[in-house]
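Colleague: Chains as they are written, first to last, in our numbering: chain A, 1 to 402; chain B, 1001 to 1291; chain C, 2001 to 2251; chain D, 3001 to 3337.
Think of the hints as simulated: they come from the structure by calculation, not from any bench.
Everything numeric in this text was worked out from a predicted model, so none of it was measured.
A few of these clues could be false.
[As the list claims (entries may be wrong)] One-sided excerpt, in silico: chain D residues whose CB lies under 10 angstroms from chain A:
id: 1; residue: 3040
id: 2; residue: 3044
id: 3; residue: 3172
id: 4; residue: 3259
Note that beta-carbon positions come from the ideal geometry of N, C-alpha and C, so glycine has one too.
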Amino acid sequence: MIKRIIAVVAGALALGVASAQAQEVKVGVNLPYTGIGAEFAQLVDRGMELYLKLNADRVKPYKITLIRRDVKDPSGANAKIAVQELLTQDNVDILAGWIYSPNAIASAPIVTAGKKLAVIMNAGTAHITNLSPYYVRTSFSMWHAGYALGEASAKILNAKTAVVGYTDFPPGKDSLAAFKRSFEANGGKVIDEIPMGGAGAVPDFTPFFQRAKDKKPDLFFVFVPAGDHAAAVVKTYAALGMREAGIKLIGPGDITQDTKLQAMGSAAVGLITMHHYHADLDNPENKRFVEAWKKEYGAATTPDFMAVGGYDGMAAIVHVVHALKGKIEVDAALEALKGWKFASPRGPITIDPVTRDIVMNEYLSEAVMKDGRVYQKVIGKIDGVKDACKEQKIGPCAPPAK
Amino acid sequence: MIFGADVASMLLGGVAAGMVLFIVSVGLSVTMGLMGFVNLAHGGFAMLGGYAIAQAMKLWGVGFVPALVFGFVITALASAVLERLLYARLYRASELDQVLFTIGLVFMMIASVTLLVGPENQPLRLPALLQGQVNLGFTHYRTYSVVLIVVGIVIVSGLWLVFERTRIGAQIRAAVDNRRMAESLGINIGRLFTLTFAFGSGMAALGGGLGAEFLGLDPQYALKYLVYFLIVVAVGGLGRVTGVFYAALLIGVLDFTLKKYVPQGGTAFIYALTILLLLWRPQGLFGTKTT
Amino acid sequence: MTAPLLETRALSRNFGALAAARDIDFTLEAGARHALIGPNGAGKTTFVNLLTGVITPTSGTILMKGRDITAVAQAERVKLGIARTFQINRLFRRLSVLENVYIAVAERVGAAPSMFSPAGTRRDVVEESMRLLETVRLTGDASRRISELPYGRQRLVELAIALGLGPEVLLLDEPAAGVPSAESHIILDAIDGLPRDIGVLIIDHDMDLVFRFAERITVMVSGAVFATGSPREIGADASVRAVYLGQRAHG
Amino acid sequence: MTPAPVDWSEHPAAAAMARRHRLRAWEPIPWVAALAFYFLFPKYLGFGTELLITVLFAISLDLVLGYAGIVTLGQAAFFGAGAYTVGMLAKRGIWNEPITGLILAALVAAAVGLGSGLVLLRTQGLTLLMLTLCTMALLEEAANLAHDYTGGFDGLDSLPIAPLLGRFEFNPLYPTTQYLYVLAVLFVCFVFVRTLIYSPFGQSLTGIRENTLRMHAVGAPVRRRLVLCYALSAAIAGVAGGVWAQANAYVNLGTLGLDRAATVLIILVLGGYGRLYGAFVGAVAYMALSHFLSKIYPTAWQLGLGLLLVVIALFARNGILGIAEAAAHRLRTRATP
């Protein structure tokens, strides 16, 4: 009797598991849920969640299950184990996440060996997508904004000289290289390059900014990682009276990250940034996105470019799930994504079929005061920007030898 | 003339940075010197205090200065409770057990704050009066830095007076130099520990709030800057208020200058500097050899 | 005439303004049984620290068998045959009594740097350590931890360690301090039983011990040698009585 | 008349000393468990490999901290030195054979240990702690600045490590080779350390830890011994770093960082230092807890971990093994009233 019950229960369980499997797609998410990147992880995670919530109809009849792993830090080691276990233990169909570039670099061999689609939702070092044929990036490369801003600085802002201050780690160096290359190609001159400490802790920016101020450039291009650094940059810029000295602060959108912008207050006014997203972009998708975000996570919160990386990444995943009818196979998934077009909150995006990197618009914006809040006014736009590093095959961005 | 303004701005910036280091580190130095307790949770108290200050301003609209007072008091009280309940049990334990305990405590502080408030940086809006630039006659400089310098000087003078001129200060000095002797003189060591610990944590909270303008404020604050605080304590000498003060100024100014003129060196200078200073004076610049 | 076993000439040491040792001329002959006495703070322990090389003198020289050892490092002096006990026990508290003595013997016979054979298989070292424990009648406690031993017994371990170094000069800093009177005879017997060729300098307040044991006595006051002589001479010296013995009687 | 010589080796204390280095009945347990893990949890071998490397690293720390009493926060300097030795040689195509690579890693790390030990080991306490920490931070900064050689912040990826013994490939997804290889390396290093600590040299290190002044007074060359011990420990940490780089085919600044140095210190103290097996217990407890707790509560696992550390520190002096020892002691004293 008991045996029979067990058999029946076991049969029912097996059936249930089987039917669930037919519809369920498991997405293994690796993000730093603790440590210095916890804030970013939350943004990307919420971006993904929000897409699933807003597009519940579009996801059906499939069920997307997120399996989250904390990678803790940018050491590479924890991320590697997380990815390894997501592949071998949880048998995920798709990998997603990667805030930190070193983690994406460390994970690359496993992603390649695991033969699963891997969607990078933030990590911005340009050449990462070359490291595994299964990497697809829905975020950005440092070159997107840096290169576009170099050109815009010379042509739109009519600047002749610039000082570059950057956080001394690969994205910072990438950003410096991208900006310098296009700014100087367009007749500008970078007169000083100031490494401003590592990414681990926010330094006191005063000495670096003091040095930049003494050089009296037209522009001060700053790259710092998004987050706490940005707030300190803007404060220091204002407190040292650099605006009054006629030096414009420019940079990729990391320095006016939406989540930090309002706290900067009037100190942020006048900042000029180049980026692919900010919450004030005027398009219907973004209106809907921002509104839903505030409803979901509180009126005081705001999405930002990291959240959009997660949102668009999830859109790409849902697209693949539908295109492949829930049976995820990596080569077919890549085929489905190559040339995939999507109306994102950041405007139209597509995946470059050659590099598997994102192609998107870049917006030149200026921070102004409007209705008592800091508002990012778009003052210029470049359509369909590709990662210039891979376009021009610079250094490690050259396609890997076959 | 331009050179003069340059040097002035450098000194002002470095001294202001040093003041923040001093305010946070002084409590660590005294507790480590007095109790021989390796309190790695000190940065955690600075972080908690900073949060108390930021939350008071955000939720109740309290002004900056009252919020600072609130942060000091609440952190001092909380730390006094922790000291009586938990720390006191470990005074006779090995240093390494103390390390384990305080690191565990930091982990719990970070996780709790992350869960309750969230992982993001807490903006701490300064009053308009403290923003912008101030004309010092010989140069224009960041108002807040100048204010910090003044506050730092007031604090160090106050602490010096307390240490050198009051009964409790004399007791602390006696206990730092020779605990057994102090005990035999009838000083209530337990009470002294609690008081100093609470006061030191309160100072850390104050430093967390005052320094947020430069250093930011998020849960990881508890660990991010701990190395800097420890460097200041080691260079200044254990249990020396004036030692910590000069060490913080020295580190602040040298770090600032080197960063400005040789930014390519990154953080290497501060570490190289510490190594040289400690090899030259292993007991700290102002410490005395204890036997 | 052969040079004395240990000799100091005008040995001085200042700590800031304090002269802890002043122009000490002192001689310890081979086989001597010499006592060093003096009131608290007279500089006796400083003198021992100077002799063993824990601190370096401000001026003056130390000679061993005529050789200048003023600049010789502490460890080297031990190799030359200068061993000491401490006023307050300095033992390896969490190790066994046997291990404590083993460490000293292993250093002397040069076994200590050996890395690849187990310590317990150096039977020569173990056996010599056990013999030393027998001298101080501690074989029964050999496997106990130091921290489990009463203070008096710990003093005996101090002595055994010093003997384990095979000294020619043995400096005993208050060997019987803290030892219950019932056990102090063990220490005295152990000292009595020391090989006659060892020069022994004993520092103590215990006048019974000093007068029973010493053949020669040096009195130190305020960092300087106040008087030297046979026990009878010192016992009869009125000025010594005044500065030291009398003072003790009052104290 | 001299008394007949007694054979002291018969004495219980001498016999105990002659016995103490012998294998105890429970000592094979961790090794059997590690092998069983290989067969029982084939999907956890990535985690297992990292765990074994952490044990090895913690053992290197136990040698200096637990036995010689040198409290250091810079042990990752040697881990990193070993890792970068393997990484840079492999990336430049100079040397990629794993076993000889580890020997090179050990030599380089030992050289770093010898050099820094000669300078730093004159100090102690907080000063030594800060000096070791700053030395490590300097090395990290140097590795960051020399990005042409070290890859800077990104590190060196896709290291072409040759197959083990020319036959067994390192598979990045199913690290079976890595696991067994690391286990073997750990075993060899463990036997070395175990031999060392029961030797007269190890005995003298313990002496230095227990009472440095006394060691000076018995004529021990204290500093020379400490430096030697430091260099040996550095060599083992270098092996741990080297094998980490090989198993991961990757090396970056994280191998040199304070995070790694502080974590291994916590692990060792949690397990119990100066006990040889504390490294095993601490690494298993810490890593298993943070690994599995972080799977269930990706955002809040630190709370549980912190609680564990606090509780162990408050109630179990000297780590988890301290509890075991206290319990064993209580049983013994109760057995013999």
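Colleague: Any of the earlier hints contradicted here, and which numbers?
Modeller: 1
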